[in-house]
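Enquirer: Each chain, written out:
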Amino acid sequence: MHEMSICEGIRRVVEDAAAAPDIARVTRVRLELGRFAGVERGALDFAWEVVMRGSKAEGSVLEVIDLPGRAMCFDCAKPVEINDRLAPCPDCGGGKLMPEGGDEMRVKDMEVA
Amino acid sequence: MCTVCGCGDSVVEGQTPHDHSHDHHHHHHRGQDLHFGQGPAGVAVAGMSQDRLIEIETGILSQNDRHAAANRARMAALDILAVNLVSSPGSGKTTLLCATIRAMQAAGTGPVAVIEGDQQTANDAERIRATGAPACQVNTGKGCHLDGHMVGHALDHLDPAPGTTLFIENVGNLVCPAAFDLGEAAKVAVLSVTEGEDKPLKYPDMFTASRVALLNKIDLAPHCDVDLDLYEANLRRVNPTIDVIRISARTGEGMEAWLGWLAAQRAQAAA
Numbered sequence: 001m002h003e004m005s006i007c008e009g010i011r012r013v014v015e016d017a018a019a020a021p022d023i024a025r026v027t028r029v030r031l032e033l034g035r036f037a038g039v040e041r042g043a044l045d046f047a048w049e050v051v052m053r054g055s056k057a058e059g060s061v062l063e064v065i066d067l068p069g070r071a072m073c074f075d076c077a078k079p080v081e082i083n084d085r086l087a088p089c090p091d092c093g094g095g096k097l098m099p100e101g102g103d104e105m106r107v108k109d110m111e112v113a
Numbered sequence: 001m002c003t004v005c006g007c008g009d010s011v012v013e014g015q016t017p018h019d020h021s022h023d024h025h026h027h028h029h030r031g032q033d034l035h036f037g038q039g040p041a042g043v044a045v046a047g048m049s050q051d052r053l054i055e056i057e058t059g060i061l062s063q064n065d066r067h068a069a070a071n072r073a074r075m076a077a078l079d080i081l082a083v084n085l086v087s088s089p090g091s092g093k094t095t096l097l098c099a100t101i102r103a104m105q106a107a108g109t110g111p112v113a114v115i116e117g118d119q120q121t122a123n124d125a126e127r128i129r130a131t132g133a134p135a136c137q138v139n140t141g142k143g144c145h146l147d148g149h150m151v152g153h154a155l156d157h158l159d160p161a162p163g164t165t166l167f168i169e170n171v172g173n174l175v176c177p178a179a180f181d182l183g184e185a186a187k188v189a190v191l192s193v194t195e196g197e198d199k200p201l202k203y204p205d206m207f208t209a210s211r212v213a214l215l216n217k218i219d220l221a222p223h224c225d226v227d228l229d230l231y232e233a234n235l236r237r238v239n240p241t242i243d244v245i246r247i248s249a250r251t252g253e254g255m256e257a258w259l260g261w262l263a264a265q266r267a268q269a270a271a
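Taken in order, these protein sequences are the chains called A and B. Residue numbers for the first sequence follow UniProt numbering, so the first one is 1 and each next one is one higher. Residue numbers for the second sequence follow UniProt numbering, so the first one is 1 and each next one is one higher.
A couple of the hints might just be wrong.
Simulated restraints, written as ranges between beta carbons of each label pair [what the hints assert, rightly or not]: (1) V61/A / A257/B: 47 to 57 Å; (2) V61/A / A270/B: 17 to 27 Å; (3) H157/B / V61/A: 33 to 43 Å; (4) A24/A / G90/B: 43 to 53 Å.
Straight-line distance between alpha carbons at most 27 Å, and here's what the computed BS3-like set of lysine-lysine pairs gives [stated by the list, open to error]: (5) K142/B / K96/A; (6) K202/B / K78/A; (7) K142/B / K202/B; (8) K108/A / K96/A.
These are calculated hints, taken from the structure and not from any lab test. Note that the Cβ used here is the ideal one computed from N, Cα and C, for glycine as well.
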């Protein structure tokens with residue numbers, strides 16, 4: 001639901017980075033999104049096309065690099081990687097996990113022409 | 001919508017959209033590293049030509065985060081404690097807030113102000129003002145959450161006194177407001193007993209982002225076959241450190257614990 005706002009955030013970052021006059025257009029943008037960033041890929045693709053209209057990134061390809069979910073297990077007191085927000089600790093099977101990473105939302109780089 | 005600040009769709013009550021200048025963007029940071037003219041970009045990316053690859057490495061919400069940081073600094077300078085109340089629609093946030101304000105006024109715990117976020121109407125701000133506390137309604141239009149920029153404008157509008165306890169009642173939505181920092185000291189989730197014990201499991205991000213969960217309308221618990229312990233267990237499953245306060249705005253049960261939590265936060269904000 002907030003993918004539209006997220007795309008607007010990306011547009012600002014991309015427009016800043018593509019402000020130089022020798023950049024005619026942006027052909028590809030790569031994002032790094034954590035598994036727990038709460039961003040829905042389908043909604044993002046939809047918003048992308050709409051929000052980028054009229055910018056140098058209109059019609060550009062959106063690529064997403066998925067970053068793993070990380071959490072601190074309160075039972076074994078160490079950081080673990082989990083794929084699912086409600087998954088138990090892969091080491092001890094405990095259910096007390098505090099997400100510590102995987103909420104990244106970054107524009108990594110872009111290809112320009 | 002203004003493509004520079006994105007503020008065209010949100011309306012601060014009493015202002016027409018876009019009647020503010022964009023001066024606040026003049027300090028717009030351009031901190032990202034742009035590596036032009038350095039030949040090969042030094043990273044191999046399939047399908048991307050190396051000499052026209054621009055590294056950015058900037059957070060998507062970095063602009064929101066800058067607004068939030070400015071709000072936080074501004075409120076810290078005035079010893080203002082800001083609490084961001086998040087919940088689904090109908091959890092009883094506004095009723096609980098009115099009861100909280102009346103209790104704080106009775107106890108003489110200093111000035112209180114409220115920023116009300118909704119998509120439409122100024123109904124909630126009017127309910128707050130009926131308690132005597134100043135309130136500023138922010139209508140987000142199509143927006144599903146408040147952001148740092150809107151709250152900055154609302155602060156201009158409210159101009160809260162030093163030492164104020166500022167409640168920011170976010171748009172009723174258990175998804176999007178989790179991602180947007182407003183400059184608050186803490187997010188407080190309000191969850192009513194009629195919503196179902198598995199709400200924290202269905203919408204974990206909001207409860208992970210919150211420091212406290214107010215389990216509201218517990219006076220209704222006997223009438224709706226709910227397991228309050230299961231609510232708490234599910235809250236702790238998605239956030240092992242969350243404080244849970246069982247409360248009823250209607251009967252006043254649990255209000256003391258909630259007011260005590262607020263007092264402890266205020267003491268910290270003023271320290």
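Enquirer: Work down the list of hints and note, for each, if the structure agrees.
Expert: Going down the list of hints, with the structure as the test:
About 53 Å separates the C-beta atoms of V61/A and A257/B, a value consistent with the hinted range of 47 to 57 Å. V61/A and A270/B have their C-beta atoms about 51 Å apart, which leaves the hinted 17 to 27 Å range violated. Between H157/B and V61/A the beta carbons are some 42 Å apart, a value that agrees with the proposed interval 33 to 43 Å. Remark: the range hint 43 to 53 Å for A24/A to G90/B is upheld by a beta-carbon distance near 50 Å.
Of the supplied pair hints, the one linking K142/B and K96/A is violated, its CA atoms being roughly 36 Å apart against a limit of 27 Å. Annotation: proposed proximity of K202/B to K78/A holds, straight-line Cα distance about 25 Å (limit 27 Å). The suggested pairing of K142/B with K202/B holds, with an alpha-carbon distance near 24 Å, which does not exceed 27 Å. Straight-line distance between C-alpha atoms of K108/A and K96/A comes to about 32 Å, which puts the hinted pair past the 27 Å bound.
The structure does not agree with the numbered hints 2, 5 and 8 stated previously, though it agrees with the rest.
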